Amino acid sequence: CDIVENGPFLGLVVANNATNFSVGANIFKVCMAAQMGEWDLLEKMVHDFQYANMRMKFLSKPVVVAPAGMALGGGCEMSMHSAMCQACGETYIGLVEVGVGVIPAGGGTKELMVRVTEGIPDGVIEAGLNLQPFYQKVFENIGMAKVATSAIEAMELGYLRKTDRISINRDYQISDAKEAVIAISKIYKKPNPAMIPVMGENFRGMVSAILYNMRHGNFITDYDVHVGQKLAYVISGGDCEEGTRVSEDYILDLEREAFLSLAGEKKTQDRMMHMLTTGKPLRN
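Using this note's numbering, you'd call the opening residue of the sequence shown number 1 and step up by one each time.
Hints listed in this document are in silico derivations from the structure and should not be mistaken for laboratory results. In this text, all values refer to a predicted model and were calculated from it rather than measured experimentally. Hints are not guaranteed to be accurate.
As the list claims (entries may be wrong) - As a list, the in silico DSBU-like pairs of lysine-lysine whose alpha-carbon atoms are at most 35 Å apart:
| hint | residue 1 | residue 2 |
| --- | --- | --- |
| 1 | Lys230 | Lys267 |
| 2 | Lys190 | Lys280 |
| 3 | Lys61 | Lys190 |
| 4 | Lys267 | Lys178 |
| 5 | Lys190 | Lys162 |
| 6 | Lys178 | Lys190 |
| 7 | Lys186 | Lys280 |
| 8 | Lys230 | Lys44 |
| 9 | Lys189 | Lys280 |
| 10 | Lys186 | Lys162 |
| 11 | Lys266 | Lys61 |
| 12 | Lys230 | Lys186 |
| 13 | Lys266 | Lys186 |
| 14 | Lys137 | Lys29 |
| 15 | Lys186 | Lys29 |
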């Protein structure tokens, strides 16, 4: 990003020619670091990825990300921090971290919170708008590890914006992304950092009721409840009161704290190892 920022470039395209854009973080490395107690290393890994995504989002020149195939976990988070996505029509994109016992910590939780609230007119929240439906969607997307099976569905789930572009032919996707950078570079202005309205304890109470019902219906396990409560704490804004507006960096700190806390738990490590050895999620 620094090279693009300071060099004679109009912007940046992030893409590849692989079958999948990204299937997420190296969970073996995460699991090994957690088991060996290398918390400083693990925190640096998460912080560096958060910083890279935020640097990309607030670059003075446009960054266009071109996801295709699978764009899961960190691949989805990288896409969400771009100025624009040039997605392949057949893109499987989503935040799937709960499947291995953690939550998205590269800014995915934060960015979904920004997206569901950024179109709300000024003064409406202060006048008493109920934010529960907005943040319930965020919780369901992440908590149920919803993966869009197309770029169109990704727009409906909020992983892509309605203004993002779609390439039907994969062979032309990177060329399309380059054209997008050239087009928007003429008028591009980097976004202002968002101040995110949060619901505080009221949101956590609502989620606790949902998790209670799902647990007693045997739809989820006790550990799923635990992970869900950690996620709800982040989305609620932590210990802030309802109506408080918090910075993007504040939510990133909560994300990182929750991720590290969960990574240290044996059941999360069991989920990670099971995924690595079988390719399937463990419901423990």
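The hints, checked one at a time:
1. Lys230 - Lys267: holds, 14 Å
2. Lys190 - Lys280: Violated. Lys190 to Lys280 sits at ~40 Å, over the 35 Å cutoff.
3. Lys61 - Lys190: holds, 7 Å
4. Lys267 - Lys178: violated, 44 Å
5. Lys190 - Lys162: Roughly 18 Å separates the two Cα atoms, so the pair holds.
6. Lys178 - Lys190: With Cα atoms ~18 Å apart, Lys178 and Lys190 stay inside 35 Å; holds.
7. Lys186 - Lys280: violated, 46 Å
8. Lys230 - Lys44: holds, 20 Å
9. Lys189 - Lys280: Violated, at roughly 43 Å.
10. Lys186 - Lys162: holds, 21 Å
11. Lys266 - Lys61: Violated - the C-alpha atoms of Lys61 and Lys266 are around 43 Å apart, more than 35 Å.
12. Lys230 - Lys186: violated, 42 Å
13. Lys266 - Lys186: violated, 51 Å
14. Lys137 - Lys29: holds, 31 Å
15. Lys186 - Lys29: Given pair Lys186, Lys29 is violated - Cα atoms ~41 Å apart, limit 35 Å.
Hints 2, 4, 7, 9, 11, 12, 13, 15 from the earlier list are contradicted by this structure; the remaining hints agree with it.
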